[in-house]
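Could you put together the complete structure from these sequences and hints?
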Amino acid sequence: MIIKGREFSFLVFALLVVMTIYLMRRGKQSWSVRKIAGLDAIEESIGRATEMGRPVFFTPGGGDVVSGASAVDTMAAVEVLSYVASMTAKYKLKLTVGIRQANTYAVADQTVKEAYVAAGQPDLYSPDIVQFYSPEQFAYAASCVGYFQRERPSAILMLGWFQAEAVMLAEGAAQTGAITVGGMVKFNQLAMMVACCDYILIGEELYVAGAYLSQNKIKLACIRSQDFGKLAAIVAIIVGTLMVSAGNKALVKLFS
Amino acid sequence: MRREVPVFLGSAAGVVILAAYFINYKPLATLSAELMNWGIIMSAFALCLASVNLVRKHVNQIARKEPVAPFSLALLIVFFGITLAGLFQGQNSAGFTFFYKGILEPVSASFYGMLGFYLLSAAFRTFRARSYEATLLLLSALAVMLGRATIGSLIWEGFPGLAEWFLGTPNAAADRGVLIGASLGLLSSGVRLMLGIDRAYLGSEE
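Protein sequences appear in the order of chains G and Z.
Oh and the first sequence: position 213 is 226 in the numbering used here, straight run, nothing missing.
Oh and the second sequence: position 2 is 23 in the numbering used here, straight run, nothing missing.
Simulated from the structure, these hints should not be mistaken for lab results.
Heads up, some of the hints might be wrong.
To be verified - Okay, derived cross-link-like pairs now, SDA-like style, lysine to any residue, Cα gap no bigger than 25 angstroms in a straight line: (1) G/126 x G/57; (2) Z/86 x G/256; (3) G/243 x G/264; (4) G/126 x Z/211; (5) G/126 x Z/32; (6) Z/78 x G/230; (7) G/230 x Z/138; (8) G/107 x Z/76; (9) G/107 x G/138; (10) G/126 x Z/25; (11) Z/122 x G/152; (12) G/243 x G/188.
Stated by the list, open to error - Quick look at which bits of chain G chain Z covers, simulated, 3 or more residues with Cβ under 8 angstroms: (13) 78 to 85; (14) 129 to 143; (15) 177 to 190; (16) 216 to 224; (17) 241 to 248.
All C-beta atoms, glycine included, are put in the ideal place defined by N, C-alpha and C.
In structure tokens, the structure reads:
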């Protein structure tokens, strides 16, 4: 019934789902996440923007919410956008969200609208908050950098899925003197964000953002299941290394 | 109902597509392919919505006579020009080619060329020996840059090998470590989305 060659990955996925549901049912127990400076900096940067009376800029990158590996990264960024929008609504700050993909525009617009309504500030919501720039990579980057230069936002948050434009966005943001918070999972451009941004979310820290900012017990329980998966991966690496050193490739064949 | 129905629809679609990846059952594969086609059709409608947002924003900037109004006008001329040329004359027409090859491609290539200068600016700001870790970063970046440039092998023939070692050993190790963590995070995030736990797009739960 299971497609040949995918039995092991199905088992891993099924175990993850079962563990997630089991830990969610133990929702009364509160799990804690270690301090992540990048996520704490979001509130700090919004506070700074409030003091200075300058706008806040957010972009979830160039990922699409419909397809590909970028979908999960972009949805994780949208979770953070919901938090940022609720904060800017609460402090009556100007928020601008720069979007590259049309599908992401629809989701981001809805997210911001719902956040403003939930914060009790539906009048402050405007369709101009979320701005679709262009699906072209460098047209989007140029639009963002142009916004940084013209409006001089106090806080620039770049979280999601980026390609080569990550360098332009991060450096363009750094040149304006704003507090910059970057976050992405893709490794090849991550180094540039680390070099240019004041605060950074590396890899899975982006996926944890929603749970960390909301402190929702069920979401934190899901993060816990990730940790068990990482523990299993560490054990598999150690055992696999020892087995391969001894000439036994059974574990390698199982994973491949 | 307002929150439960979208979550149910999203979860159901996710479960069907995921099940089709693992289970060998033709009707499931057909349904999965159909759902993915629906996604493409919805993307086309989303593009219309996004285009309306783009045009409205730039028309408002022109109407308010903002300093960027000339650029907004240029954008609208190109936007409608290429759209109408593509719709009525086709993608191989002279009009469409003028906008695409005459404007879009050269401007994109110019911006791509600016990447090098942004990298240089970032490197100048970042590679300073302010602390132990920053010094390590500076030295490894220097070794890799000299290893990749021709002049490095002229200074010392060991630089290319050193650069390869930096990229192939510590960098690859860190890359794979982040990849393992990120892959597990991606799986867990996917499960949370399918179970309807992450639903920021539907508004706050409070």
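Tell me if the straight-line CA distance from residue 122 of chain Z to residue 152 of chain G falls inside 25 angstroms. holds, 15 angstroms
Going straight from one Cα to the other, do residue 126 of chain G and residue 25 of chain Z come out at no more than 25 angstroms? Holds. Residue 126 of chain G to residue 25 of chain Z sits at ~18 angstroms (cutoff 25 angstroms).
Mind checking, does the segment 78 to 85 of chain G have 3 or more residues with a CB under 8 angstroms from chain Z? Holds: 4 residues of the segment 78 to 85 of chain G have a Cβ under 8 angstroms from chain Z.
Can you confirm whether the C-alpha distance between residue 126 of chain G and residue 57 of chain G stays at or below 25 angstroms? holds, 23 angstroms
Coverage of the segment 241 to 248 of chain G by chain Z, judged on three or more residues with CB within 8 angstroms: holds (count 3)
Going straight from one Cα to the other, do residue 126 of chain G and residue 32 of chain Z come out at no more than 25 angstroms? Since the Cα atoms of residue 126 of chain G and residue 32 of chain Z sit roughly 23 angstroms apart, the hinted pair holds (cutoff 25 angstroms).
Pair hint residue 107 of chain G and residue 138 of chain G, alpha-carbon separation not exceeding 25 angstroms: With a Cα-Cα distance of about 10 angstroms, the restraint between residue 107 of chain G and residue 138 of chain G holds, given a limit of 25 angstroms.
Is the hinted pair residue 243 of chain G and residue 264 of chain G satisfied, with a Cα-Cα distance of at most 25 angstroms? holds, 17 angstroms
Can you take a look at whether the segment 216 to 224 of chain G is actually covered by chain Z? Rule is 3+ residues, C-beta closer than 8 angstroms. With 6 residues in contact (Cβ-Cβ under 8 angstroms with chain Z), the coverage given for the segment 216 to 224 of chain G holds.
For the segment 177 to 190 of chain G, does the count of residues with a C-beta closer than 8 angstroms to a C-beta of chain Z reach 3? Coverage by chain Z holds here, the residue count being 8 at a Cβ distance below 8 angstroms.
Checking one constraint from the list: CA of residue 126 of chain G to CA of residue 211 of chain Z, max 25 angstroms. Satisfied? holds, 24 angstroms
Take the C-alpha atoms of residue 107 of chain G and residue 76 of chain Z, compute the straight-line distance between them, and say whether it is at most 25 angstroms. Roughly 21 angstroms separates the two Cα atoms, so the pair holds.
Hints 2, 6, 7 and 12 from the list above are not met by this structure, while the remaining hints are.
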